[in-house]
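Undergrad: Chains as they are written, first to last, in the numbering used here: chain S, -11 to 308; chain V, -11 to 308.
To be clear, the hints were calculated from the coordinates, so they are not data collected in a lab.
Given the structure is predicted, the values throughout are model-derived calculations rather than measurements.
Hints are supplied without guarantee of correctness; some may be wrong.
Any copy will do: because identical chains look the same in the list, a pair fits if it lies in one copy or spans two.
[Said to hold, decoys possible] Simulated pairs of lysine-lysine, DSS-like, Cα-Cα distance not exceeding 30 Å:
| hint | residue 1 | residue 2 |
| --- | --- | --- |
| 1 | K65 | K176 |
| 2 | K62 | K189 |
| 3 | K225 | K245 |
| 4 | K105 | K176 |
| 5 | K67 | K304 |
| 6 | K139 | K164 |
| 7 | K304 | K246 |
| 8 | K65 | K164 |
| 9 | K80 | K65 |
Number of protein chains: 2
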Amino acid sequence: MRIGLDMMGGDFAPTEAVKGVKLYLDTVASDVHLVLIGDEQQLAPLIAEAQLDQSKYSVVHSSQVIGMDEHPTKALKEKPQSSISIGFHLLKNEKIDAFISAGNTGAMMVGTYYSIKAIEGVQRPTISTLVPRENGTYGLLLDVGINADCKPENLAQFALLGSLYSKHILGVPDPKVGLLNIGEEEGKGNLLAQATYPLLKESKQINFVGNIEGRDILSEKADVIVCEGFTGNIVLKMAESFHEIALRRNIQDDYMKKFDSESYGGTPVLGVSKPVIIGHGISKGTAFKNMIQLSQQMIESKLLEKIKESFVVVAKDAQQ
Amino acid sequence: MRIGLDMMGGDFAPTEAVKGVKLYLDTVASDVHLVLIGDEQQLAPLIAEAQLDQSKYSVVHSSQVIGMDEHPTKALKEKPQSSISIGFHLLKNEKIDAFISAGNTGAMMVGTYYSIKAIEGVQRPTISTLVPRENGTYGLLLDVGINADCKPENLAQFALLGSLYSKHILGVPDPKVGLLNIGEEEGKGNLLAQATYPLLKESKQINFVGNIEGRDILSEKADVIVCEGFTGNIVLKMAESFHEIALRRNIQDDYMKKFDSESYGGTPVLGVSKPVIIGHGISKGTAFKNMIQLSQQMIESKLLEKIKESFVVVAKDAQQ
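Bound-form chain S, shown alone:
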């Protein structure tokens, strides 16, 4: 198993990326081979200092970097030697089995769309966030930003993608799916939510439990919460701001600490045919380590095969 890591992506690259690799190799036993994509000259002293096991990694040189604020399509076109461009090239040509970056999110999305395909039947790939709950488990909220406007069918697909992720990666046997809404009863909400409810109710592939209000996002009422990416992104960033406020105000609380994006690393792009994981720009060592581990889990659990099988059913149902 070969996992590719963009060593130049994120606010603290490449130092923290190397730290993440070290942490992963030191703490996780696996036969994963890491492909470190980045500037050889910058990486060499950091790798030497970290004393990485040479049998566990190889370095692929990249001479360019896509900045965090560059225009995604333009940057990918003009910088074929960037770590992100090379990463997708390797992924497309099966030189690596997964690709991770904490770099320019837009470039990662565009790269994903251009280099690898959506799984057959998936209308819109999606990104999610883990939702920490007080009982120590994690819920999943999706979409959190790449699909700002959605149709009911998109949300129904997010529900299925999220359920499979919750089951195979988070270990929830029969994930409860909730529709983010502004009232509990069927018929409540905006036009999108009203039209989505019956689709979720009728689906035999998910365990739909009804509407979930804003006050229940952090509860255990649902394991998978679906919404369009506009609301999902606002919720995600507001939760992050609560975490920052808690830090700034020196609030010592184990639960509040779990909102730290560092603890879960990054989000996979769900619905595409290969594992792509996008990290937060502020990722540090632990986040990189967690993203490598998540890639490994996605490959070992055969999540993408399971998504493919489920969407064959979706495609068949659509034809009937």
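Place chain V on chain S using the hints.
TA: Structure of chain V alone, referenced to chain S:
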């Protein structure tokens, strides 16, 4: 000045409503006359116990109550002797100058639409929530639930209504208006946000400062944040859940305490021709007191006259 209060609305009525009246009369000097609408038999012993100043209030008997979960339109039709029905009757006939209830929100909204008119030029009346900031001031977020689907023009009107409220009630001289969105630059967001941005930018009646992301809702970047009621309601309820979690986990922090709905009482229905204030179902004494005080402020500041004047300008601009 006569302010009408539904004594039967809310989870802890009439006990907490009477406490609120007592608190108001004891702590706020004013020539307000309170009209207490409720069941005389239930109110009498509570009022006697509270030793209210008899010159400051009168009781209007109501023999029916609209429950928190009743269907709004049906309940208002079938219960003409309910405290909410009587309250709107008094407001319509100028027996009171403002009406407050912590009862059935739907019934309050329907009652408002049927009994008193929207201000000329206002397409959609709206409700808002105060947003506590760490520096002790309050921002305003609107709409928070009654307009789940909006057009760009609606959001532009919320911006103006919110600005006037921020200026005349919250005392912010030139309120900064932000558009809730999922990116900072113009052109970001869903179709609604993309179409709303230029309207806000062009408006001469507001001080537009651009897009506001989820992480900045609690900051001082904007004093008035506009969005459709779906996202606004999710944000509001999620913030309330953070407050509940902080309470449950015994987190002692002055800022977190400010998310208690008790501290600001209720939301006025903005855009209608008379002051109507809707309280949270869980309102207790302080919330009732604060709602009475807010009604008084709305009348004394002549907020509604100012809204009327501003919307004459809107109507004229629309004709040109």
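Undergrad: What are the numbers of the hints that this structure violates, sorted from low to high?
TA: 5, 7 and 8
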